[in-house]
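S.K.: One-letter residues, chain by chain:
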Amino acid sequence: MKHVMKSAIVVLIMISGCQSGEGNQGDDTLVISWPQDIGPLDPHGYGENQMFAQNLVYEGLVQHDDEGEVQPHLAESWEVSDDEKTYTFFLQEDVRFSDGSDFNADIVKKNFDKVLDESEEHEWLELTNQIIDTEVIDPYIFEMTMEEPYYPVLEELALVRPFRISGDASFSEDQDFQEPIGTGPWALSERQQDEEAIFERNEHYWGEDPEMEELVVRVIPDGDARVMAFENEEIDMIYGNGLISLDAYDHLEQNDKYQSGTSPPQSTRTLALNTNRGATEDALVRRAIIHAFDTQTFIEDMLHNIEEQATSLFPDDMPYQPDTLDDYNYNPSQAEQLLEEAGWKRADDGHIREKDGEPLQLNFVYDANDQIQTMLAEFMQSDLRDIGIDIEIIGMENQAYLNAEKSGDFHIIYHETWGAEYDPHAMLSSMRVPSHADYQAQQGLDRKKALDEQIGEVLVETDEQKREELYHDIITTLHEEAIYVPVSMTSNLALYHNDLEGVRYSPIIYEFNLDDVRRK
Amino acid sequence: MIGLMIRRLLWLFPSLLFLSIGVFWLMHILPGSPAEAYLLNSQIPPTEEAVDTVTKDLGLDRPLYEQYWDWFTSAWQLDFGTSFYTGDSVVEEVFYYFPPTFELTIGAFIVTMGMSVFLGTLAVVYQGRWFDWFSRLFSVGGSALPTFWLGFLLVYFVSYQFGWLPSGGRGDWHHIILPVLTLAIPYISLYSRLFRTSLLEVRERSYVTYARARGLREMFLFRKHILRHALLPLFTVSGLAFGYLLAGTVIVESVFSWPGMGRYMVTAIINRDYPVIQFYIVFMGFIFIIVNMLVDVLQAWVDPRLRRQGRYRHD
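As given, the protein sequences belong to chains S and A, one line each in that order. Residue numbers are given in full-length UniProt numbering: position 71 of the first sequence equals residue 71, and the series is strictly consecutive. Residue numbers are given in full-length UniProt numbering: position 190 of the second sequence equals residue 190, and the series is strictly consecutive.
For reference, chain S alone in the conformation it holds in the complex (with noise of 0.2 Å):
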């Protein structure tokens, strides 16, 4: 028995002197995890692409700088026609592509038009059934021409995908895509799929290098097997949204052995309430409900603090969003006097409010893997108990909830908008379709087909006053109609160990500021 346990701690022993501290591969080199493998890098393609690492490596036209503005990029300027249907883009000249490739007119319009004729693909993005025409005027001029004045072409443009640019090597013979070959910061050195990816600075970039030489993705599926490795130095960053839970954020942010950080709101965590079915029909139940859920102590108690409250669908800041909209706060008598209003009285024994002998109770329908829409579904029903609506959770398998989304079989839904860079144009052009839960919420109001209308003219409106002026009238209609409780807006989280510094944040979703990132 004692030779047994020696051996075992010889063996012990050697593992431990053999092994040499993994964590950081060295001063220049970043260490960040991904949950899945990024992808071959199609500039042009989506599934298994992922968008942050395509975004290291292609850049467009046009981009978002740190406050999700759209600024020039490849493109120095551009000019409209009067009729705003053709724009005239002034390209930079001195940029090269990672294999040291020139980069022009030609090589833009060899990426548009490979983008035009997969339209099937991409033809969930507008800009790409409004483009007819695509011309090299000049090397350094590219024009393209559109079937009708689409006020949204440069934000759309600025998107991750599909209009980024790559260089000719990405390009097969049969114009497939083969290797990933742009003009940003970083180039992929190394990929061995589903472990890690290896970028590194692109020698032949037009801007400012990036600080560090060399950035390391690690595939890591687990959030919390992410937390330890990132504990155990194996890791130097976690950054993105919905990497690690908010429990584990909140411990970690504690520590002073690390920094962490948030990127300004990207999305609105939000609550449809159908207007087409059940008691939700009601306007007067709809604000009763929205002025029942406490948020404030949903964010403090649930969420940590770590997300923003939000006060409407759309964030404050949003182009177009009016500043007139009046904020549903926390008031639960009000919320009782109105379900008062509505016909809905408390019954003499019973807790839950009734009218016409019928109970008041609603479903919620969530995602079940989410723990957060877990908490909010718990959280709210214990709030409208307080108030006299029953509420049954049904968390769902993903694809059942997007289906209960799709056919309107809800009372009350969580729903969350599409992010600064659709925010409102894309994410209101949807409310059109009837595939979309916001569509089936709406479907019963009164209004919804002048709502429809207004937003179809919103997007070729030209003129900015008019246009402004459609966007706060739809805007505040959906307010006001209280078809969505706003809950809290998603960010980026960052945390990292003490010894980094320059972590930037976008509200862009999937565009990570990892250039200036530098050990101290």
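In case anyone wonders, no lab produced these hints; they're calculated from the structure. There may be inaccurate statements among the hints.
Unchecked claim - Computed list of lysine to any residue pairs in SDA-like fashion (alpha-carbon distance at most 20 Å, straight line): (1) S:Lys406 - A:Glu48; (2) S:Lys406 - A:Thr55; (3) S:Lys406 - A:Gln43; (4) S:Lys406 - A:Ser33; (5) S:Lys406 - A:Ile29; (6) A:Lys56 - S:Gly45; (7) S:Lys406 - A:Gln161; (8) S:Lys257 - A:Ile29; (9) A:Lys56 - S:Glu121; (10) S:Lys406 - A:Asp52; (11) S:Lys406 - A:Leu30; (12) S:Lys257 - A:Asp52.
Stated by the list, open to error - Quick list of the computed label-pair ranges, beta carbon to beta carbon: (13) A:Ser143 - S:Glu118: 52 to 58 Å; (14) S:Arg447 - A:Tyr96: 53 to 59 Å; (15) A:Thr55 - S:Pro319: 30 to 36 Å; (16) S:Thr297 - A:Ser143: 49 to 55 Å; (17) S:Glu123 - A:Leu298: 44 to 50 Å; (18) A:Asp88 - S:Ser119: 21 to 27 Å; (19) S:Asp106 - A:Phe95: 39 to 45 Å; (20) S:Asp27 - A:Lys56: 25 to 31 Å.
As the list claims (entries may be wrong) - Interface residues of chain A toward chain S, partial, derived using beta-carbon atoms under 7 Å: (21) Pro31; (22) Asn41; (23) Ser42; (24) Thr47; (25) Thr86; (26) Gln161; (27) Val250; (28) Ser257.
Ideal Cβ positions, reconstructed from N, Cα and C, are used throughout, including at glycine.
For this one, chain S is given, so just place chain A on it according to the hints.
M.R.: Just chain A now, with coordinates in the frame of chain S:
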């Protein structure tokens, strides 16, 4: 013996056929569509037109029997289609992810069997003494711990507190120790007790008593007469154990960021990547059947009675 193998091999085809039909049918009655999962993953709003386009692209708008027949006829030629998600050949992808999983499984299998025999023997040698009690405690604890918790415990102590081994990823031999242990410990605790019982039982048999009366040395007795017989029940379960280990890698791979098939499969299920799910199940069924056949053959080799009877009858 050869007859046994041929019979088993012949059964392979109808088994796999039924398995594939069953999986195909089950996948299609699950709620959710691959088209929507694809769009969702791509951050593309799943409008009706977009879903229709992708559904048509993937050939999912055709009748079910037609889809199955297509799959079957190409599967017959060992073409198992392409992943809905990546567009790459399913076979190539599975073979990319299979080696790491196989590594884990083989490692865990060897450790499980070796440690079970070792600990089971020690428990018999020190029967009724503290080691026996300790091993009993270990077996209860080991089989009661959920795998992911065991994994995190090991990571917490071995990687984080002592810094001996990395917490995850695949690289040199350091990386495989913790996942293999996590996978093996529940089975060791189970099988070491099984082996202990079996040893105790065999030790009491009359031929052992006679052999001892003949004056054979304990060590010789143990190796030639006891061990071989006591191993039989372990052999029987080892085929199943291998299958369980292979399938059980799912959680371990997730905890240790091990790039294997388990994780690949879970992603495929979430994405409703039908061709991948279909091939994975059929492939696993194939391995399960083959391994169990090998176990039968091995058993027949160890136990001559089985060879003659052609079926298993213990004792």
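S.K.: Are the hints correct? Go through all of them and say.
M.R.: Hint by hint, here is what the structure shows:
1. Of the pairs offered as hints, the one joining Lys406 of chain S and Glu48 of chain A holds, with about 10 Å between alpha carbons and a cut-off of 20 Å not exceeded.
2. Proximity of Lys406 of chain S to Thr55 of chain A is assessed by CA-CA distance (about 16 Å); at most 20 Å being required, the pair is judged to hold.
3. Between Lys406 of chain S and Gln43 of chain A the alpha-carbon distance is near 17 Å, which keeps this suggested pair within the 20 Å criterion.
4. Note on Lys406 of chain S and Ser33 of chain A: the hinted pairing holds, with a Cα-Cα distance of about 13 Å set against a maximum of 20 Å.
5. Among the hinted pairs, Lys406 of chain S with Ile29 of chain A is consistent with the structure: their alpha-carbon atoms are about 18 Å apart, no more than 20 Å.
6. Of the supplied pair hints, the one linking Lys56 of chain A and Gly45 of chain S holds, its CA atoms being roughly 18 Å apart against a limit of 20 Å.
7. Restraint check for Lys406 of chain S and Gln161 of chain A: not satisfied, since their Cα atoms lie roughly 49 Å apart, outside the 20 Å limit.
8. For the proposed pair Lys257 of chain S and Ile29 of chain A, the alpha carbon gap of about 50 Å is over 20 Å, so the pair is violated.
9. Using a Cα cut-off of 20 Å, the hinted pair Lys56 of chain A and Glu121 of chain S holds, with the two alpha carbons roughly 12 Å apart.
10. Pair hint Lys406 of chain S plus Asp52 of chain A holds up; C-alpha atoms about 14 Å apart against a cutoff of 20 Å.
11. At roughly 17 Å between alpha-carbon atoms, Lys406 of chain S and Leu30 of chain A fall within 20 Å of each other, so this suggested pair holds.
12. Taking the CA atoms of Lys257 of chain S and Asp52 of chain A, the gap is near 51 Å; set against the 20 Å cutoff, the hint is violated.
13. The hinted range of 52 to 58 Å is satisfied by Ser143 of chain A and Glu118 of chain S, whose Cβ atoms lie roughly 54 Å apart.
14. Range check, Arg447 of chain S to Tyr96 of chain A: Cβ separation about 54 Å, and the 53 to 59 Å hint holds.
15. Between Thr55 of chain A and Pro319 of chain S the beta carbons are some 35 Å apart, a value that agrees with the proposed interval 30 to 36 Å.
16. The supplied range of 49 to 55 Å is broken by Thr297 of chain S and Ser143 of chain A, whose beta-carbon atoms lie about 42 Å from each other.
17. Checked against the given bound of 44 to 50 Å, the beta carbons of Glu123 of chain S and Leu298 of chain A, roughly 58 Å apart, lie outside it.
18. Evaluation of the 21 to 27 Å hint for Asp88 of chain A and Ser119 of chain S yields a pass: the beta carbon distance comes to about 24 Å.
19. Under the hint 39 to 45 Å, the C-beta atoms of Asp106 of chain S and Phe95 of chain A, about 40 Å apart, fit the expected range.
20. Against the hinted window of 25 to 31 Å, the Cβ-Cβ separation of Asp27 of chain S and Lys56 of chain A comes to about 52 Å, which falls outside the hint.
21. The beta carbon of Pro31 of chain A is positioned within 7 Å of a beta carbon in chain S (closest approach about 5 Å), and the interface hint is therefore held.
22. The beta carbon of Asn41 of chain A comes within 6 Å of a beta carbon in chain S, closer than 7 Å, and the hint placing it at the interface holds.
23. Here the hint on Ser42 of chain A is kept, as its CB sits about 3 Å from the closest CB of chain S, short of 7 Å.
24. The beta carbon of Thr47 of chain A is positioned within 7 Å of a beta carbon in chain S (closest approach about 5 Å), and the interface hint is therefore held.
25. A cut of 7 Å between beta carbons decides the hint on Thr86 of chain A: the least distance to chain S is about 5 Å, and the hint holds.
26. Taking 7 Å as the C-beta cut-off, the interface hint given for Gln161 of chain A is violated, the closest approach to chain S being about 10 Å.
27. Checking Val250 of chain A against chain S: minimum C-beta separation of about 11 Å lies over 7 Å; hint violated.
28. A distance limit of 7 Å between C-beta atoms decides the matter here; for Ser257 of chain A the minimum to chain S is near 4 Å, and the interface restraint holds.
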